[in-house]
Every structure is written in C-alpha cells, then in structure tokens.
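One line per chain: the protein sequences are A and B, in this order.
Quick note, in this note's numbering, the first sequence goes up one by one and the last residue is 390.
Quick note, in this note's numbering, the second sequence goes up one by one and the last residue is 342.
One or more of the hints may lead you astray.
Claimed, not checked - Some chain B residues well away from chain A (every beta-carbon gap over 10 Å; in silico):
(1) PRO54
(2) ALA62
(3) ASP79
(4) THR114
(5) TYR141
(6) MET224
(7) VAL232
(8) PHE244
(9) ASP278
(10) PRO309
(11) ARG312
To be verified - Partial list, derived from the structure: chain A residues whose beta carbon lies under 8 Å from chain B:
(12) MET31
(13) GLU55
(14) GLY238
If you're looking for bench data, these hints aren't it; they were derived computationally from the structure.
Using N, Cα and C, we set each Cβ at its ideal position, and we do this for glycine too.
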Amino acid sequence: MTATSDREQMAYVSAQAADARVKVELDTGDMTLNIGPQHPATHGTLRIACQLDGEQVVVAEPIMGYMHRGYEKLCEVRTYPQCTTLINRIDWLGSFANEVPFILAAERLMEIEAPPRAQWIRTILFELSRIANLALFLGDMGVQIGALTPVFFAFRDRERVLNQIEEVTGGRFHPNFDRIGGLKDDIPKGWIEETRSVMVKMRTFCDEMEDLLVGNEIFQARCRGVGVIPPEVALGYGLSGANLRASGVDWDLRRDANPGLAWDQVDWRVWTHPDGDSFARYWVRLQETREATHIVDQLLDGIPSGPIMAKVPRIIKVPAGEAYISTENPLGEMGYYIVSKGDLGPFRVKIRTPSFNNISIVPWVMKGVYVPDVITILGSLYFILGDIDR
Amino acid sequence: MTTLLALPYWQETGIKLGLALAVIPTTSLILVYLFLFKMMAFMQSRLGPNDTGPYGTLQLIAEAIKFLQKEDIHPEQADRRVFRMAPVVVLASTFLLYVVLPAGPDAVVQNLDTGVFYAMAVSSLSVLGILMAGWASANKYALLGGLRAAGQLIAYELPLILAVMGVVIQAETLNLQGIVEAQATGEIFGFGAIGNPFILTQFIAFLIFMIAAQAELTQTPFDMPVAETELVGGFHIEYTGFRFLLFFMAEFGTAFAFAALASVMFLGGWWIPGFDVDDNILNVLGPGVMLAKILLVAFFIFWVRFTYPRLREDQLQKFAWKVLIPLSLANIVLTGIFKVVF
Numbered sequence: 001m002t003a004t005s006d007r008e009q010m011a012y013v014s015a016q017a018a019d020a021r022v023k024v025e026l027d028t029g030d031m032t033l034n035i036g037p038q039h040p041a042t043h044g045t046l047r048i049a050c051q052l053d054g055e056q057v058v059v060a061e062p063i064m065g066y067m068h069r070g071y072e073k074l075c076e077v078r079t080y081p082q083c084t085t086l087i088n089r090i091d092w093l094g095s096f097a098n099e100v101p102f103i104l105a106a107e108r109l110m111e112i113e114a115p116p117r118a119q120w121i122r123t124i125l126f127e128l129s130r131i132a133n134l135a136l137f138l139g140d141m142g143v144q145i146g147a148l149t150p151v152f153f154a155f156r157d158r159e160r161v162l163n164q165i166e167e168v169t170g171g172r173f174h175p176n177f178d179r180i181g182g183l184k185d186d187i188p189k190g191w192i193e194e195t196r197s198v199m200v201k202m203r204t205f206c207d208e209m210e211d212l213l214v215g216n217e218i219f220q221a222r223c224r225g226v227g228v229i230p231p232e233v234a235l236g237y238g239l240s241g242a243n244l245r246a247s248g249v250d251w252d253l254r255r256d257a258n259p260g261l262a263w264d265q266v267d268w269r270v271w272t273h274p275d276g277d278s279f280a281r282y283w284v285r286l287q288e289t290r291e292a293t294h295i296v297d298q299l300l301d302g303i304p305s306g307p308i309m310a311k312v313p314r315i316i317k318v319p320a321g322e323a324y325i326s327t328e329n330p331l332g333e334m335g336y337y338i339v340s341k342g343d344l345g346p347f348r349v350k351i352r353t354p355s356f357n358n359i360s361i362v363p364w365v366m367k368g369v370y371v372p373d374v375i376t377i378l379g380s381l382y383f384i385l386g387d388i389d390r
Numbered sequence: 001m002t003t004l005l006a007l008p009y010w011q012e013t014g015i016k017l018g019l020a021l022a023v024i025p026t027t028s029l030i031l032v033y034l035f036l037f038k039m040m041a042f043m044q045s046r047l048g049p050n051d052t053g054p055y056g057t058l059q060l061i062a063e064a065i066k067f068l069q070k071e072d073i074h075p076e077q078a079d080r081r082v083f084r085m086a087p088v089v090v091l092a093s094t095f096l097l098y099v100v101l102p103a104g105p106d107a108v109v110q111n112l113d114t115g116v117f118y119a120m121a122v123s124s125l126s127v128l129g130i131l132m133a134g135w136a137s138a139n140k141y142a143l144l145g146g147l148r149a150a151g152q153l154i155a156y157e158l159p160l161i162l163a164v165m166g167v168v169i170q171a172e173t174l175n176l177q178g179i180v181e182a183q184a185t186g187e188i189f190g191f192g193a194i195g196n197p198f199i200l201t202q203f204i205a206f207l208i209f210m211i212a213a214q215a216e217l218t219q220t221p222f223d224m225p226v227a228e229t230e231l232v233g234g235f236h237i238e239y240t241g242f243r244f245l246l247f248f249m250a251e252f253g254t255a256f257a258f259a260a261l262a263s264v265m266f267l268g269g270w271w272i273p274g275f276d277v278d279d280n281i282l283n284v285l286g287p288g289v290m291l292a293k294i295l296l297v298a299f300f301i302f303w304v305r306f307t308y309p310r311l312r313e314d315q316l317q318k319f320a321w322k323v324l325i326p327l328s329l330a331n332i333v334l335t336g337i338f339k340v341v342f
C-alpha cells in the first residue's frame with residue numbers, strides 16, 4: 001500500500017459519498033439477467049445468473065444441473081460393456097474419445113493389453129472425434145460473435161469426418177465401438193484412402209476458418225483481451241485442454257501421460273499461446289485441429305497388422321481394485337476412476353469431465369465484462385452441456 | 001414537362017398511393033427471397049428453400065401465411081398500447097421513406113424540394129418504434145436491445161447525414177430529382193456521356209453512407225440490437241405473428257429504401273445515358289434501372305451481413321464518433337474546397 005495524502009483521502013471519500021447519494025436518489029440498482037437455461041449461447045441448458053450494472057456484469061454465476069442424468073450412478077447397475085453406451089453420451093460431439101479412457105481403466109484392472117493394431121485404430125478414431133468436435137467449435141465461435149457463415153461450413157465439413165467414423169463404427173454420434181481388449185471390428189476396405197482425402201479437406205476447412213475469422217479485424221477486436229485467464233489462475237481452477245494451453249501452460253496428456261495409445265509413435269507438437277484470452281483459445285483449437293489431421297495422416301501410414309482383439313473371457317469380470325485413467329479429450333482432461341469389487345459391473349465410477357472444471361472459472365473471468373463478452377467467453381471456453389452435467 | 005398519362009389529381013394520387021402501399025411488401029419479398037434465402041444459402045453452401053414454388057420463390061408467401069396464423073401474444077407485464085403501436089411506428093417510418101424515392105422524371109409519389117432532409121428525418125423515426133418495443137415488452141433482453149438500438153441509431157444518424165451533405169453540396173439541391181439531374185447533366189473533365197455519378201467524386205461519402213446505413217438497418221457488423229446469440233432477437237423478442245412480420249417487413253423495406261437512396265444519390269438514379277433527363281420514356285424504363293441499381297447496392301449490404309462478425313456496442317460507438325464523423329466532416333470540407341475551385 002502506498003501512503004496517500006490527506007487530500008487524496010478526502011477526494012476519495014467524497015467521491016464515494018457522491019456515488020452513494022446518486023444510488024439512493026436515482027436507485028440505479030443492479031439488474032439480474034438469467035442467461036439460460038434456454039439461451040442459444042449455452043449450447044443446451046446451462047444457466048448463468050448475471051447481476052448487471054447497465055451492460056456490465058457485476059457477478060456471474062453458472063448454475064448447472066439442468067441436464068443431470070446420473071451417469072455415475074447408472075454405471076453402478078450396469079456391466080462394463082453396457083457402460084460405454086452411457087459414456088458415449090457425455091461429450092456427445094466427441095463420443096469415441098469418451099469411451100477410450102473408461103475402457104483403458106477397465107483393461108488396466110484386468111491386466112489386459114489391446115493388440116497394437118487396435119491401439120492404432122483407437123488413436124485414429126480418437127483423433128477423428130477430436131477433429132469432428134473441434135471443427136464444430138471453430139464454426140460455432142463465429143456464430144457466437146455474429147458471423148453466420150462459418151458454422152455452416154463447419155457442419156458441412158464435420159459431416160465428412162462423421163461419415164468416416166460411421167463407416168468404421170456404424171454410428172455417427174454414438175459409436176459404442178471400443179471393447180475391453182480391443183475393438184469391435186476392423187476398419188473396412190478403402191477406408192484409409194478416403195480418410196486421407198477427408199483430412200486434406202479438413203485442412204482446407206481450417207484455412208477457411210483462418211481467413212474468415214482469425215484474420216478478421218472485427219473477430220480480433222471482439223476476442224483479443226477478452227476473458228484473459230493468467231496461467232496460475234487457470235491451473236488453480238483446474239482448467240485443462242486447450243483452455244489451459246491457451247494460457248501458456250504447456251500441458252498435454254497425450255504427450256505427458258500417454259496411457260498406451262499410439263501418440264508416441266508419431267511426430268506432432270503441442271500448441272500453446274501466451275495470451276490466455278478468447279482469441280488465444282480459438283487459435284489454439286484451430287492449430288490443434290490442424291495438428292490432429294497430421295496425426296491421423298501419420299497414423300494411417302503405419303497401422304500395424306495383427307489381431308484387433310486380445311484374448312478376453314466371454315463374460316467380463318473385472319478383478320477387485322481401483323484404477324484412474326485420463327486422456328486428453330477434445331475438451332480437456334477426461335478421466336474415469338473405477339472401483340471394482342470383482343463383479344460384472346463397476347462398484348463406483350467417478351467421471352472427471354473437462355467442461356465441469358472449465359466452466360467453474362466463469363465467476364472469476366466474467367467479473368466486469370460486458371454482456372456481449374459473456375457470450376464470447378462462454379463460446380471460447382467451449383463446454384458441452386452433457387460434459388458438465390453427466 | 002409533358003406527362004405520360006394526363007389524369008385528374010385524385011386518380012393520380014390514388015394510383016401513387018396504391019403503388020406505394022404495394023411496394024413495401026413486394027420489395028421486402030424480393031430482398032428476402034433473393035438475398036436472405038438464396039444468396040445466403042449459396043454463400044453457406046446450402047440449398048435454401050427450393051420446394052415451395054419454382055426455385056422456392058413462394059417460400060416467403062408461405063412464411064407470411066404462417067405468421068398470420070400465429071397467436072398474437074402480449075407479455076403479461078407489457079405496456080399493451082405501446083407494445084401494439086411499436087411495430088406500426090417502425091413500419092410507418094419505412095412507408096414515409098418511400099414517398100420521396102424517385103423512379104423516373106415523374107414516377108415519384110411526392111417530389112419534395114427538401115427530399116434528402118425529409119428522408120433522413122423520417123428514417124430516424126424508426127428508433128422511436130424500436131425503443132417503444134424494447135421498453136414495452138417488459139423483457140430484459142428487449143430492454144437491452146432497445147437501448148442499444150437507440151444509442152446506435154443516434155450515433156450513426158450523424159455520419160449518415162454528414163455523408164449526404166457532400167452530395168448535397170455538389171448537386172446544390174436537396175431535391176432528390178435535382179440530384180439525379182445534376183448527375184445526369186454533370187461532366188467528368190469535360191466528358192459527359194455517362195453524366196457524373198457522384199460515386200466517382202463522393203466515394204468517401206458513399207463509403208460512409210453505406211457503413212452508416214448498415215448500422216441504421218441493424219445489419220450484421222452492427223446488429224447488436226437484435227444479436228441473436230446474445231440478446232436472442234433483442235427488441236422484437238416478445239413479438240409473435242403479424243406484429244413480428246411488421247418488424248420483419250420494415251427491416252427489409254428500409255434496406256430497400258436505403259439502397260434506393262444510395263443509388264439515387266451516388267449511382268445516378270433512374271437516368272440512362274443517352275436520354276434526355278425529362279424524356280417521357282424514362283418513366284417506364286427508370287423503375288427497371290433503379291431496381292437493378294438497388295439490387296446491386298443491396299447485394300453489398302447483404303454480402304457484408306453474411307460475412308462479418310458483430311462488433312461490440314462500445315467498439316461501435318468508438319467507430320462512429322472517432323472515425324466516421326471526422327471522416328465525413330473532412331469530406332464536407334474537401335467537397336466545399338473543390339466546389340469553390342472548379
């Protein structure tokens with residue numbers, strides 16, 4: 001604290017008194033604005049209770065739970081193979097990526113290792129669902145800020161990726177394809193070439209987004225310096241994924257804690273951005289989408305031959321024990337803590353979803369911003385409602 | 001000046017009034033179909049409406065019928081009388097704009113000597129309606145939208161008027177017909193075959209006019225009053241059915257009117273090179289020429305709308321007061337100097 005002169009002290013006190021008088025006389029009270037539960041910017045049913053002073057946010061509090069489906073509890077009354085059906089529906093835009101950590105955790109408990117071919121195809125599908133997920137974000141961010149066109153491009157090009165996923169798994173959105181000990185099926189004939197051409201198209205899509213949004217002055221004016229999250233705050237709130245990397249923290253579970261998938265077999269890099277604002281979050285995701293297409297390209301080149309399934313008993317009983325596996329999902333760190341008592345199903349499953357933690361920073365980051373920035377920040381934090389309320 | 005048809009005053013007035021009443025639904029239909037449906041779909045690699053009628057041309061009729069069927073809902077807390085009046089006020093300002101828009105030497109409802117002044121004055125009436133809608137809806141989103149609209153439209157009225165001043169100084173008249181004549185009889189360095197469309201000399205004013213019109217029409221870089229993703233429609237959030245249709249028609253009717261103003265003041269209006277300014281045939285050909293020019297201008301308005309993201313309210317105000325207004329003042333000074341020198 002610096003010492004202030006008496007005169008400054010007086011000026012401060014009288015200014016405060018004048019403000020108070022205006023408040024009493026004019027009753028310039030705050031206005032409560034509920035953004036959500038039904039609001040296009042919340043991608044579902046998140047509610048943000050904002051106290052507004054004019055258009056400035058005084059307090060913003062996210063209220064979640066409107067879509068709570070009790071998946072952790074439901075998992076307890078299901079067998080392990082049945083659980084993946086539920087888990088698909090947590091982050092519904094990158095479904096396959098949800099299955100992987102759960103299956104890996106179960107595999108660790110059973111001390112089974114999937115054959116290398118299965119691991120590679122898993123990684124490819126994982127990255128494909130990352131591309132499908134992030135592509136939608138790249139377009140949707142434009143819509144949040146008012147540009148109508150990018151989101152249609154995103155839907156158009158995401159469809160190509162979904163088609164590739166569908167061709168292997170049979171499901172566009174909810175593949176339910178990962179099995180303990182491997183995968184349900186092998187990839188179909190000709191799929192590798194098709195996927196390669198889709199990856200080229202996705203890179204073109206990334207270039208389009210770069211032209212339409214990243215290079216756009218209005219987009220930059222709306223995003224740069226909005227919702228700045230310093231690295232220590234980001235770590236403190238448990239942010240993960242691109243939100244954390246956009247704050248300059250070089251942290252990626254694919255590289256740092258690879259649970260056995262094929263990421264260490266290919267050459268790729270982790271993108272970070274020092275700024276920590278909404279623009280950085282967009283930029284990092286754009287680069288990650290591009291990087292993911294390169295990862296897929298490299299993986300397609302070197303899929304090893306061999307079986308797709310390890311030797312697994314017909315009736316899966318997981319021995320007693322506990323395991324936690326987390327992977328770097330499109331939205332951030334997604335982990336499953338499985339407690340088994342040796343039954344057909346898990347005794348307890350704790351799901352650590354990235355969006356839940358990512359959204360917890362909202363009260364901190366939204367203090368004093370304007371209403372349009374609330375939408376920008378929400379858009380750039382990129383949550384999926386099923387991922388918040390599972 | 002001879003007229004094509006010699007009619008008694010009341011018949012002429014009746015025809016003009018009927019045309020003016022028919023013209024707003026038609027024009028907004030043209031704009032919505034051509035640009036909002038088809039061009040937007042093309043830009044976003046979609047098909048757009050294609051089932052209703054040939055190439056989906058009747059889609060808007062279907063939409064209008066749908067709107068007419070809907071229930072007219074008032075929010076419980078709404079100030080009913082104001083709530084009902086607001087869309088009418090907005091649409092009235094659009095109607096009044098059409099009164100002075102010329103489409104030929106005689107094809108104009110009322111040839112006012114102060115046409116430019118009148119057009120600018122009535123176009124700002126719509127702010128009143130929007131503010132009424134925002135306030136009377138008893139909805140916080142609508143209130144925010146209404147206040148944003150008020151702040152924005154007032155800020156952009158100034159550059160709009162100041163940009164037009166350049167044209168007025170060059171044409172030496174406030175009469176829109178006079179401005180067309182001045183462009184038709186003008187010369188560029190002694191070359192008068194295509195007249196002198198003011199876009200050539202007043203390009204700064206044209207740019208400012210288009211930007212300010214974009215804001216006045218609440219089209220995308222400046223569409224904070226409606227802002228679908230944050231205010232979910234802003235001032236018209238509580239309107240349903242026919243009242244919403246009125247807002248909708250007013251929006252596109254005004255877009256058409258502003259495109260018409262721009263083509264009259266900057267692109268030479270209804271005049272065709274090679275004809276006399278008061279040639280009777282221009283009463284027939286003029287509307288076609290005007291329509292072509294209007295669609296060209298409207299194309300740019302909607303092109304920007306579909307391409308750009310939205311600015312923030314404070315950025316918009318900064319842009320208006322710190323960039324557009326000084327620029328338009330400089331344009332007036334420059335125009336004045338050139339007027340004296342040449």
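Tested hints:
Every C-beta of chain A lies more than 10 Å from that of PRO54(B), the closest at about 24 Å, which supports listing it as non-interface. Every CB of chain A is more than 10 Å from the CB of ALA62(B) (nearest about 22 Å), matching its label as outside the interface. Once the 10 Å rule is applied to beta carbons, ASP79(B) is consistent with being away from chain A; the minimum gap is 18 Å. For THR114(B), the shortest C-beta to C-beta distance to chain A comes to about 36 Å, beyond the 10 Å cut-off, and the non-interface label holds.
Distance check on TYR141(B): its Cβ comes as close as 8 Å (rounded) to a Cβ of chain A, failing to clear the 10 Å threshold; non-interface status is violated. Not every CB of chain A is more than 10 Å from the CB of MET224(B) (nearest about 7 Å), against its label as outside the interface. With a least beta-carbon separation of about 6 Å from chain A, VAL232(B) fails to lie farther than 10 Å from that chain, contradicting its non-interface assignment. Consistency note on PHE244(B): stated as away from chain A, and its beta-carbon is indeed over 10 Å from all of that chain's, at 18 Å minimum.
For ASP278(B), the shortest C-beta to C-beta distance to chain A comes to about 45 Å, beyond the 10 Å cut-off, and the non-interface label holds. Some Cβ of chain A comes within 10 Å of the Cβ of PRO309(B); the nearest lies about 4 Å off, and the non-interface call is violated. Not every Cβ of chain A is farther than 10 Å from the Cβ of ARG312(B); the closest lies at roughly 5 Å, contradicting the non-interface assignment. For MET31(A), the interface hint holds, since its Cβ comes within 8 Å of a Cβ in chain B; the closest pair sits about 6 Å apart.
The beta carbon of GLU55(A) is positioned within 8 Å of a beta carbon in chain B (closest approach about 7 Å), and the interface hint is therefore held. A cut of 8 Å between beta carbons decides the hint on GLY238(A): the least distance to chain B is about 27 Å, and the hint is violated.
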